[in-house]
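Just so you know, the sequences run in chain order P and U.
Each residue of the first sequence is one higher than the one before, starting from 588 at the first, in this note's numbering.
Each residue of the second sequence is one higher than the one before, starting from 7 at the first, in this note's numbering.
No false leads were mixed into what you were given.
For lysine-lysine, the following DSS-like pairs were computed, each having C-alpha atoms within a straight-line distance of at most 30 Å: (1) P:Lys-804 with P:Lys-872; (2) P:Lys-744 with P:Lys-839; (3) P:Lys-748 with P:Lys-831; (4) U:Lys-94 with P:Lys-744; (5) U:Lys-128 with P:Lys-745; (6) P:Lys-759 with U:Lys-9; (7) P:Lys-748 with P:Lys-844; (8) P:Lys-844 with U:Lys-128; (9) P:Lys-612 with P:Lys-831; (10) P:Lys-745 with U:Lys-94; (11) U:Lys-94 with P:Lys-612; (12) U:Lys-9 with P:Lys-666; (13) P:Lys-650 with P:Lys-781.
On the chain P side, residues computed to face chain U include the following (Cβ under 7 Å): (14) Ala-667; (15) Ser-687; (16) Ile-730; (17) Leu-734; (18) Gly-754; (19) Ala-764.
These aren't lab readings, by the way, just hints derived from the structure by calculation.
Remember, predicted model here, so these are calculated numbers, not experimental data.
Don't be surprised by glycine CBs; every beta carbon is placed ideally from N, CA and C.
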Amino acid sequence: MRFKGKKSFLIVVYPILLTGCINLKNVRDYTTCSKTTIANFEQLDYSFNQHCTDRCIFTAAEKNTISRERDCDCSVYIKADSVTFVLYNAINTYYGALGSLAADDLTTYTIAPLEKVLTEQLIPISGKRIEVTADQVSSYSKIATILIRASTGAYRKKKIKQFIEEGNAPVKVLIDAFQNILSQSLSGVMNFKKERLYIFYNEIILDSTSSLYERRKAIQEFYQQADEINNKQRQLEALSLSLKKVAEGHDKLSKSKMSVKELVEILTPISSDIKVLIAEFNKLKNS
Amino acid sequence: MGKLTSQQANQLSNNFLGLAQAIGDYRFKNWSSLSRKDNQHLASFQWSLLNHGEDMLAFSATLVFNEVAESLATIQALTDNIQNTIIKLQAVQKVIDIAACAVTLGAAIISRDINAISEGLKTFVETTKTNDES
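Chain P on its own, in the form it takes in the complex (with noise of 0.2 Å):
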């Protein structure tokens, strides 16, 4: 009867045990990665209507016009921004859903109450009624913890795989076009600027009235301005790779089983990837 005992609660916790394994680490810290990276679009510090500003501002001083308020019409720019900001917000918010949902503490709950109201009563089962001791309280406890952990643990990996089974394929559409956006439109237009810059210096340079001084200091004004291009495009060509990564451990995710050891296998080498690109992002946004 004994050893019936002791196999029953082996029988009843060695499953438990093996389902409170469910290891949502991993896409966790895969969700925090691309919630990170995706917000970096944040702190690039450049808009197409900040781009449509400085071209008005750039245009008037090449005229030499001045007007009391600026006349250019930026209103193509301005749609580019929200269409940008509307990806992007879709985006972000579905990563910070799917964070959300895998996170620690969601399912972290107390059974205190429970506690309670074990050492103030007794508890029937079956009709049959049981006595229960401080330590039996704290058995209770722990196992509850356990149970619990491990229903809503199998419940939140059942829930993530289908979303993200369900989402992959609008999310690779949405991150293709946040990632084109950003490399190919939000970089291109900064080629445009650059060009700008070279034909004004250009102008100053081989123009006969210019003086030495001014021809130099027009050399050192325009790579200076080349430079800082650069760097915001090379900004945005790591946020671009990320943002890729991003869409590839989401890819990856949703074909896989998603057991612990897929899980490593896939998210670990993803998530470090994305990490380094955001290192990258923050040194080459504060050189």
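Position chain U relative to chain P; hints supplied.
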């Protein structure tokens, strides 16, 4: 004629930049031999090409919106779904239901009553299942 895609707009924009650069190279190479009028004329073309080229890039970003509308709607619906799941997991009553079953099961385990364990397990599975399906 099909609608212009964001990729095509990007490509066109690159062509405009290339053209503006070619005009610039010609102007600067022949700076001393070009008349002032011709130089200004070419410069004006150059600025116009640059303006149109970058307007096209901004325009290409706006075209993306139509191309991803469906995916955007799907991901927004999915995000709502995830947030609802989180709210569900945070629902105190449901957690208490699960915990109460767990404690009952715990009591059964400690009492080493095989019938009570079986009954407790059954209730626990049913309760977590109900939470899963709801």
